[in-house]
Structure formats: C-alpha cells, structure tokens
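Since the structure of chain L is already known, use the hints to place chain Y on it.
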Amino acid sequence: MLPAMNNPHEDPAALKALQDDIYREKILRARKQTPAERLADVFELSDHQHQLMLAGAMHKLKTRDIHLGWAEVRRWMARLDRVRENGLYVTERTS
Amino acid sequence: MKLEELAIHVIEAAEATGVDFMAVGAIAAGAYGVPRSTRDVDVLVSMELPDGVKEIVQRLAPFVVFDPQVTFDTLTWGRRHVGQTRSAPPFKVELFETFDDPFVKSEFSRRQSVFVPLLQRSTWLPTPEDVVVQKLRWGRNKDLDDARDVLAVQGPETLDMAYIETWCRTHGTEVRLRTALEGIPPLE
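Going down the list, the protein sequences come from chains L and Y.
Quick note: the first sequence uses the numbering used here, first residue 1, plus one each step.
Quick note: the second sequence uses the numbering used here, first residue 1, plus one each step.
Note that these hints are calculated values from the structure, not bench results.
Check before you lean on any hint, since a few could be wrong.
These stretches of chain Y come out as covered by chain L in the derived footprint (C-beta under 8 Å, 3 or more residues) [to be verified]:
#	segment
1	35–45
2	51–62
3	167–173
Take a look, some chain L residues computed to stay more than 10 Å from chain Y by CB distance [to be verified]:
#	residue
4	Ala-36
5	Asp-47
6	Asp-65
7	Arg-74
8	Thr-91
9	Glu-92
Far from chain Y by the CB rule (all over 10 Å, computed), these chain L residues [unchecked claim]:
#	residue
10	Pro-3
11	Ala-4
12	Met-5
13	Asn-6
14	Asn-7
15	Pro-8
16	Asp-11
17	Ala-14
18	Leu-15
19	Ser-46
20	Leu-54
21	Lys-60
22	Leu-61
23	Gly-87
Being a predicted model, the structure only gives us computed values, none of them experimental.
We treat Cβ as the ideally placed atom computed from N, Cα and C, and that holds for glycine.
Chain L with its partners taken away, still in its complex shape:
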C-alpha cells in the first residue's frame, strides 16, 4: 500500500510552490530554445491540439466521418470567438 500523500490543494503554500515549480520548468525549457525552435513548437502544438479537438468532436458525435468532425470543431471555434471577442471588436467605429 502506498503511503498517504499530502494534497497540495489543502495547503496554499504547498500549492503555490507546486505551481512555481511547474512554471519554472516551462521557463527554463523555453530558455534553452532559439526563437525559431519556439516558433516550431507553436506550430506543432497548434496542429496537435486541433487533431485532439477533431477526435473529441467525432467522439461526441459518435461518428467516423472526419468532415462531420471538422464541422463540429468549426462550430465550437465560432462559439469561442463570440465569447472571447465579445466587446473587443465591433463593426462600426463609435468614437
């Protein structure tokens, strides 16, 4: 039987230390990269994330039709845009 572990979510200081450790690791990893390498990661992460979203959409629709899956992802993205851009963009300049 594994020994009981402290739950950091019950200890704000431990949670902050854990968050800082995770963030520190991300920063130090990024510091070892060149701008071109970091840019390559942006593209790889973006392509990968969209494939994961496609898988999620097809699972939700219970379909193996990739076109239906992408249509669902497109719908999700349109909804997300409406939420994120609410109040930030308008079609007429008002001042």
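Below, chain Y without anything else, positioned relative to chain L:
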C-alpha cells in the same frame, strides 16, 4: 492544411504584394516566450501601399475566405480583416492594418527578421519588448500570461525595460507590468 503551411501562404502573399508586415499574436509571443497553441496567423500590415491588404486578401482567396465586413477593436480602433481557412482545420487569418498610433508606429519600425527553418524562410517579428508592451496593453488573460512569459523567458535583465516602462506609463499599464514581473518565481 497545417498551421505552418497557412503561415507560409500568408507570408508569401504579403511578400508578393510588396507590403511591409510582421507576424503578431501568439506566433510572436511564442517566439520569445513559452510556446502555446493557437488557431490564428495574425499579421500587422503596413498601410503605406494603397490596396495592399486588399491584394493580400485576393492572393489568399484559394485558401482563406475573408469576411467582407471589416471590424474595429474597441481599444485602439484599429481595423482588422478576418478570414477562415477553406479546408480543415478551421484556422483563422487576421490582418491588422497599421494606423496612426504612436506605439504601433514604434513597434513596426523596430520589427526584425527571423529565419524560421520550419517555414524555410525568414519572417518579420516585433521585438520582445514590443510584444510585452502590446500584450500588456490588450490585457486579456492570455495576453497577460504571454507578457509574463516573455519577461520570464527573456529575463528583464536582457530587455530594454526603460522602453517597456515608458510605453506602459503612456498606456496606463504600469500595474499590469508590475504584476507580470511579480508573477515570475525565482528561477534558480
């Protein structure tokens, strides 16, 4: 289409049109901070060439459908042209027009060329200082995270913090800058 292929199409369209441009948004932030995923290829386009944006839109027509309705951001009233890829995945292209804003003029004049092996070409990016100022100015959660990440990865000691502080004073974003700096844990 992969996002990098879309980026190549956008760069080629801008270069063929002969307009000055630079990549902004998550691509610029990722080059200097912590890479994160995005669905946008965002580009700031010089308006020195009349009809430059219109020509880019036309050149991208085989790949991207642009909304005929131009939108304005409510922070600076800059003009934005938004397009969606015709094929999957549903990526977006956002073309922002340069305009008569002192900071936009400054960041565009300081843009730098970076060779990206994955794209097999150079592209134009803002400086890391300008990414920080711009992200703090916009101030959405993801912008504030991006600004902190650029500050953390580059290190304030390597950045022209006087330049950043001057623009933050102009934009009234000094508190955001201070919060971003305080959010960086000791790295040693």
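Status of the hints after comparison with the structure:
1. Coverage of a stretch by a chain is defined here by at least three residues with a beta carbon nearer than 8 Å to that chain's beta carbons; for the segment 35–45 of chain Y and chain L the count is 5, and the condition holds.
2. Chain L is given as covering the segment 51–62 of chain Y, and this is violated because 0 residues of the stretch bring a CB closer than 8 Å to a CB of that chain, at least three being needed.
3. With a cut-off of 8 Å between beta carbons, the segment 167–173 of chain Y has 0 residues touching chain L; three or more are needed, and the interface restraint is violated.
4. Separation of Ala-36 (chain L) from chain Y is inadequate, the least Cβ-Cβ distance of about 5 Å not exceeding the 10 Å criterion.
5. At the 10 Å boundary, the C-beta of Asp-47 (chain L) falls inside the reach of chain Y, the nearest C-beta of that chain being 5 Å off.
6. For Asp-65 (chain L), the condition that its CB be more than 10 Å from all CB atoms of chain Y holds, with the nearest at approximately 12 Å.
7. With a closest Cβ-Cβ approach of about 4 Å to chain Y, Arg-74 (chain L) is found to fall inside the 10 Å limit, against its non-interface label.
8. Residue-level check failed: Thr-91 (chain L) sits 6 Å from the nearest beta carbon of chain Y, not beyond 10 Å.
9. Distance check on Glu-92 (chain L): its Cβ comes as close as 7 Å (rounded) to a Cβ of chain Y, failing to clear the 10 Å threshold; non-interface status is violated.
10. Against chain Y, the non-interface label of Pro-3 (chain L) holds: every CB pair exceeds 10 Å, the least being about 28 Å.
11. Non-interface call for Ala-4 (chain L) relative to chain Y: holds, since the shortest CB-CB distance, roughly 28 Å, exceeds 10 Å.
12. No beta-carbon of chain Y is positioned within 10 Å of the beta-carbon of Met-5 (chain L); the least distance is around 23 Å.
13. Listed as a non-interface residue, Asn-6 (chain L) keeps its Cβ farther than 10 Å from every Cβ of chain Y; the least gap is roughly 20 Å.
14. With a minimum CB-CB distance of about 21 Å to chain Y, Asn-7 (chain L) clears the 10 Å threshold, and the non-interface call stands.
15. Annotated as non-interface, Pro-8 (chain L) keeps its C-beta farther than 10 Å from every C-beta of chain Y; the closest such distance is 15 Å.
16. Once the 10 Å rule is applied to beta carbons, Asp-11 (chain L) is consistent with being away from chain Y; the minimum gap is 17 Å.
17. With a cut of 10 Å on Cβ distances, Ala-14 (chain L) stays outside the contact zone with chain Y, its closest approach being about 14 Å.
18. Against the 10 Å criterion, Leu-15 (chain L) stays outside the reach of chain Y, whose nearest CB is about 13 Å from its own CB.
19. Once the 10 Å rule is applied to beta carbons, Ser-46 (chain L) is inconsistent with being away from chain Y; the minimum gap is 4 Å.
20. With a cut of 10 Å on Cβ distances, Leu-54 (chain L) falls inside the contact zone with chain Y, its closest approach being about 7 Å.
21. Chain Y leaves Lys-60 (chain L) outside its interface by the beta-carbon criterion, the shortest separation being 16 Å against a cut-off of 10 Å.
22. Interface exclusion of Leu-61 (chain L) from chain Y stands, the closest Cβ pair being 15 Å apart, more than 10 Å.
23. Listed as a non-interface residue, Gly-87 (chain L) fails to keep its Cβ farther than 10 Å from every Cβ of chain Y; the least gap is roughly 7 Å.
Violated hints for the displayed structure, listed by number in ascending order: 2, 3, 4, 5, 7, 8, 9, 19, 20, 23.
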